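Since the structure of chain A is already known, use the hints to place chain B on it.
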Amino acid sequence: QKEVEQDPGPLSVPEGAIVSLNCTYSNSAFQYFMWYRQYSRKGPELLMYTYSSGNKEDGRFTAQVDKSSKYISLFIRDSQPSDSATYLCAMRNGGSQGNLIFGKGTKLSVKP
Amino acid sequence: SAVISQKPSRDICQRGTSLTIQCQVDSQVTMMFWYRQQPGQSLTLIATANQGSEATYESGFVIDKFPISRPNLTFSTLTVSNLSPEDSSIYLCSVGVGQGRYGYTFGSGTRLTVV
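Top to bottom, those sequences are chains A and B.
Going by the working numbering, the first residue of the first sequence is number 4, and it counts up by one from there.
Going by the working numbering, the first residue of the second sequence is number 5, and it counts up by one from there.
Same shape as in the complex, but just chain A (with noise of 0.2 Å):
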């Protein structure tokens, strides 16, 4: 069972639909939960940034930890075609700047 799974889709919505991504993992130790935002040919891009379980807002973006089912998830409301992009999920352990490990990334396309 790989650490970090992520469905790497594609997923096609309409535009102003609400997007739903989720990761699960295995790994009880996950302390600190991140998703990415990447653009074709750009580096990823901090979107959402969460320690333990709860949820956080930011925007049109919500991100969601349960670490007692090990999932985790982002939601895009009232997406846009500029939100069309592979968006990845990111842990890692609470230890000193350890390891991010990625999930490979959910490829999303919000048509106009």
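Simulated from the structure, these hints should not be mistaken for lab results.
No experiment lies behind these values; they were computed from the predicted model shown.
Positions of the beta carbon are idealized from the N, C-alpha and C atoms, including for glycine.
Warning: the hint list may mix true and false statements.
What the hints assert, rightly or not - Lysine-lysine pairs mimicking DSSO-like chemistry, simulated, CA-CA at most 30 Å apart: (1) A:Lys-70 x A:Lys-59; (2) B:Lys-69 x A:Lys-5; (3) B:Lys-11 x A:Lys-45; (4) A:Lys-110 x A:Lys-45; (5) A:Lys-5 x A:Lys-45; (6) B:Lys-11 x B:Lys-69; (7) A:Lys-59 x A:Lys-114; (8) A:Lys-5 x A:Lys-70; (9) A:Lys-45 x B:Lys-69; (10) A:Lys-70 x A:Lys-110; (11) A:Lys-110 x B:Lys-11; (12) A:Lys-5 x A:Lys-59; (13) A:Lys-107 x B:Lys-69; (14) A:Lys-59 x A:Lys-45; (15) B:Lys-11 x A:Lys-107.
Claimed, not checked - Label pairs and their calculated CB-CB ranges: (16) B:Pro-12 x A:Glu-48: 19 to 27 Å; (17) B:Thr-117 x A:Tyr-42: 17 to 25 Å; (18) A:Asn-96 x B:Val-7: 20 to 28 Å; (19) B:Ser-5 x A:Ser-71: 27 to 35 Å; (20) A:Ser-29 x B:Glu-62: 12 to 20 Å; (21) A:Gln-83 x B:Ser-5: 20 to 28 Å; (22) B:Pro-75 x A:Ser-15: 42 to 50 Å; (23) A:Lys-59 x B:Pro-12: 34 to 42 Å; (24) B:Ala-6 x A:Tyr-42: 16 to 24 Å; (25) A:Ser-55 x B:Gly-56: 30 to 38 Å; (26) A:Tyr-54 x B:Asp-68: 36 to 44 Å.
As the list claims (entries may be wrong) - Short derived list, chain B residues pointing at chain A, Cβ under 7 Å: (27) Ser-46; (28) Leu-96; (29) Tyr-106; (30) Gly-107; (31) Gly-111; (32) Ser-112.
Same frame as chain A, but now just chain B:
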């Protein structure tokens, strides 16, 4: 958070040669991280570079193939040596935000094609 300038953005190299990738950070950071992103795969950590000490390599990566320099707290280079087509990937450097407590910032990446 820190801003990273990475170059070159892309290169096409002959097999058997080497490519050196540079990353410049606009603030001093203790650790810099080098990742590889192969097509359709997760980002994979190659090594962690600390200033003034040898880099720490992850399983499957060796210093002879991926030598790293870290001459000061704002700069690092990764060399990919003795290139083969299997080395064709995107290479990325990264630094921690708040020493990793608030996420990580990435450079824009170097797209390497080996022919």
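Cross-check of the supplied hints:
| no. | hint | in the structure |
| --- | --- | --- |
| 1 | A:Lys-70 x A:Lys-59 | holds, 14 Å |
| 2 | B:Lys-69 x A:Lys-5 | holds, 26 Å |
| 3 | B:Lys-11 x A:Lys-45 | holds, 12 Å |
| 4 | A:Lys-110 x A:Lys-45 | holds, 14 Å |
| 5 | A:Lys-5 x A:Lys-45 | holds, 26 Å |
| 6 | B:Lys-11 x B:Lys-69 | holds, 19 Å |
| 7 | A:Lys-59 x A:Lys-114 | holds, 26 Å |
| 8 | A:Lys-5 x A:Lys-70 | holds, 17 Å |
| 9 | A:Lys-45 x B:Lys-69 | holds, 25 Å |
| 10 | A:Lys-70 x A:Lys-110 | holds, 25 Å |
| 11 | A:Lys-110 x B:Lys-11 | holds, 26 Å |
| 12 | A:Lys-5 x A:Lys-59 | holds, 26 Å |
| 13 | A:Lys-107 x B:Lys-69 | holds, 25 Å |
| 14 | A:Lys-59 x A:Lys-45 | holds, 25 Å |
| 15 | B:Lys-11 x A:Lys-107 | holds, 24 Å |
| 16 | B:Pro-12 x A:Glu-48: 19 to 27 Å | holds, 20 Å |
| 17 | B:Thr-117 x A:Tyr-42: 17 to 25 Å | holds, 20 Å |
| 18 | A:Asn-96 x B:Val-7: 20 to 28 Å | holds, 27 Å |
| 19 | B:Ser-5 x A:Ser-71: 27 to 35 Å | holds, 31 Å |
| 20 | A:Ser-29 x B:Glu-62: 12 to 20 Å | holds, 19 Å |
| 21 | A:Gln-83 x B:Ser-5: 20 to 28 Å | holds, 24 Å |
| 22 | B:Pro-75 x A:Ser-15: 42 to 50 Å | holds, 46 Å |
| 23 | A:Lys-59 x B:Pro-12: 34 to 42 Å | holds, 36 Å |
| 24 | B:Ala-6 x A:Tyr-42: 16 to 24 Å | holds, 20 Å |
| 25 | A:Ser-55 x B:Gly-56: 30 to 38 Å | holds, 33 Å |
| 26 | A:Tyr-54 x B:Asp-68: 36 to 44 Å | holds, 38 Å |
| 27 | Ser-46 | holds, 4 Å |
| 28 | Leu-96 | holds, 6 Å |
| 29 | Tyr-106 | holds, 6 Å |
| 30 | Gly-107 | holds, 4 Å |
| 31 | Gly-111 | holds, 5 Å |
| 32 | Ser-112 | holds, 4 Å |
The earlier numbered hints are all upheld by this structure, with none contradicted.
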